[in-house]
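Colleague: Our numbering numbers the first residue of the sequence shown as 38 and each following residue consecutively.
A hint or two may mislead.
EDC-like mimics (lysine to aspartate or glutamate), calculated; alpha carbons at most 20 Å apart, straight line [to be verified]:
(1) Lys156 with Asp246
(2) Lys227 with Asp150
(3) Lys250 with Asp228
(4) Lys367 with Asp249
(5) Lys101 with Glu155
(6) Lys313 with Glu247
(7) Lys346 with Asp330
(8) Lys316 with Asp330
(9) Lys377 with Asp353
(10) Lys75 with Asp145
(11) Lys346 with Asp320
(12) Lys227 with Asp183
(13) Lys367 with Asp183
(14) Lys373 with Asp295
(15) Lys377 with Asp349
(16) Lys173 with Asp183
(17) Lys75 with Asp153
(18) Lys141 with Asp183
(19) Lys97 with Asp87
(20) Lys375 with Glu299
(21) Lys227 with Asp153
(22) Lys250 with Asp150
(23) Lys367 with Asp353
(24) Lys284 with Asp246
(25) Lys156 with Asp77
(26) Lys85 with Asp153
(27) Lys370 with Asp353
(28) Lys156 with Asp87
(29) Lys152 with Asp71
Hints are computed from structural coordinates only; laboratory data are not their basis.
These figures come from a predicted structure and were not determined experimentally.
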Amino acid sequence: MPKIRLKQILFYLPLFVMVSCINDKKHPDVADIDLNIKIDRFEQDLFKADTSNLLKASQKLRAKYPDFYAIYFRNILRNPDPVDTNNLQLIKMIKSNHDFNLLKHDVDSVYPDLKDVEKQLTDAFKYYKYYFPQGKVPQVVSYIADFQLGASTVNNTLAIELDLYMGQGYRFYQSKNVNFPTFIQRKLNKDHITSTALKAFAQQLFELDETDKTLLHRMIYQGKLLYFMDRVLPDSPDSVKIGYSQKQLEWCNTYKADVWTEFLGQGLLYSTDELKYAKYLNDAPFTSGLNNDSAPMLGVWLGWQIVRKYMDENPDVTLAQLMSEADSQKILKESKYKPK
């Protein structure tokens, strides 16, 4: 059974376009890196399956998508029939299901091709290969399902669920079975495909050490993921990487010293009470306990700023060294982070 890393990334929100210090640095020259990302469209191949010979069609799909095939039917669609190991009945049901056909039609209309996304991913993975020459570039596939995951990884496959990038107000986003709130919907668009996919990829590469339960450790982990994205998506605005509205980012910049003082004063950094500090990591319209203009995910944002400051203070530290650094306290201390 392959190791599964299914990551829901619906906590990304559009953020005020702020160019980070990392983007002021010269981009590495990656022109000579021979790499070209082609997105294999699983949803199109699935709907092309010949229902007159489903076994052959299923074998063809399995051959083209050796990692993703089983995950799609078993884990994403949750095939309820353990005997139907070839998923023949499920394939037949999908092709005849009215809602699935509507969804496929809508996705094809919005995404007749994925050339823009392929170009963005190609550039991103060239930067990845620059920083991690021995790193393995995944097969990238697209699919449609039932609005579960923006992107997920399994073994060497990076899968992108296109139905979660149909744009705010898309009819199925407000159905009785889905009903995404506005603060979620505003990031469900094409602009967020690449950043969402890269974060899912990074989460598989650099897994969270679950033994350290402190908020600081979780903050620094999220900050490292976002800094990784700074490097592989150097031209991407911060708004797409973490996702605040313009007002929320302005709020963070205005009150950054007060927020930091509050975290220190309440002893939040070293708290291991996940119920207490979850609100500082999870997506929401605003931070519970603060006013409605406040930004959510304050711990994630702070972690990002700490990691950026750490890398500014330690220019000889490579991206690989940062991502492998397990000592969150060391990163905090050597960052000399003290916002004013």
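Colleague: Between Lys367 and Asp183, is the straight-line Cα distance small enough, at 20 Å or below?
Modeller: violated (42 Å)
Colleague: Does the alpha-carbon distance linking Lys85 and Asp153 stay inside the 20 Å limit?
Modeller: violated (24 Å)
Colleague: Need the status of pair Lys377, Asp353: alpha-carbon distance at most 20 Å?
Modeller: Measuring from Cα to Cα gives roughly 26 Å; hence the hint is violated.
Colleague: Lys370 and Asp353: Cα distance at most 20 Å?
Modeller: holds (17 Å)
Colleague: Compare the distance between the alpha carbons of Lys227 and Asp153 with 20 Å, and conclude whether the hinted pair is satisfied.
Modeller: Answer holds: Lys227 to Asp153 is near 9 Å, not above 20 Å.
Colleague: For Lys227 and Asp183, compute the direct alpha-carbon distance and say whether it is at most 20 Å.
Modeller: Judged against 20 Å, a Cα distance of about 18 Å means the pair holds.
Colleague: When you check the alpha-carbon spacing of Lys373 and Asp295, does it fall within 20 Å?
Modeller: Since the Cα atoms of Lys373 and Asp295 sit roughly 17 Å apart, the hinted pair holds (cutoff 20 Å).
Colleague: Does Lys367 pair with Asp249 here, judged by a C-alpha cut-off of 20 Å?
Modeller: It holds: about 14 Å lies between the C-alpha atoms, which stays within 20 Å.
Colleague: Would you mind confirming whether the straight-line C-alpha gap from Lys152 to Asp71 stays at or under 20 Å?
Modeller: Holds. Lys152 to Asp71 sits at ~18 Å (cutoff 20 Å).
Colleague: Has the given pair, Lys346 with Asp320, been kept, meaning a C-alpha gap of at most 20 Å?
Modeller: Violated: Lys346 and Asp320 sit about 24 Å apart, past 20 Å.
Colleague: Against the 20 Å threshold, does the CA-CA distance of Lys101 and Glu155 hold or violate the hint?
Modeller: Holds, at about 19 Å.
Colleague: Check whether the Cα positions of Lys250 and Asp150 lie no farther apart than 20 Å.
Modeller: violated (43 Å)
Hint check: violations occur at hints 1, 3, 7, 9, 11, 13, 16, 22, 24, 26 and 28; the rest are consistent with the structure.
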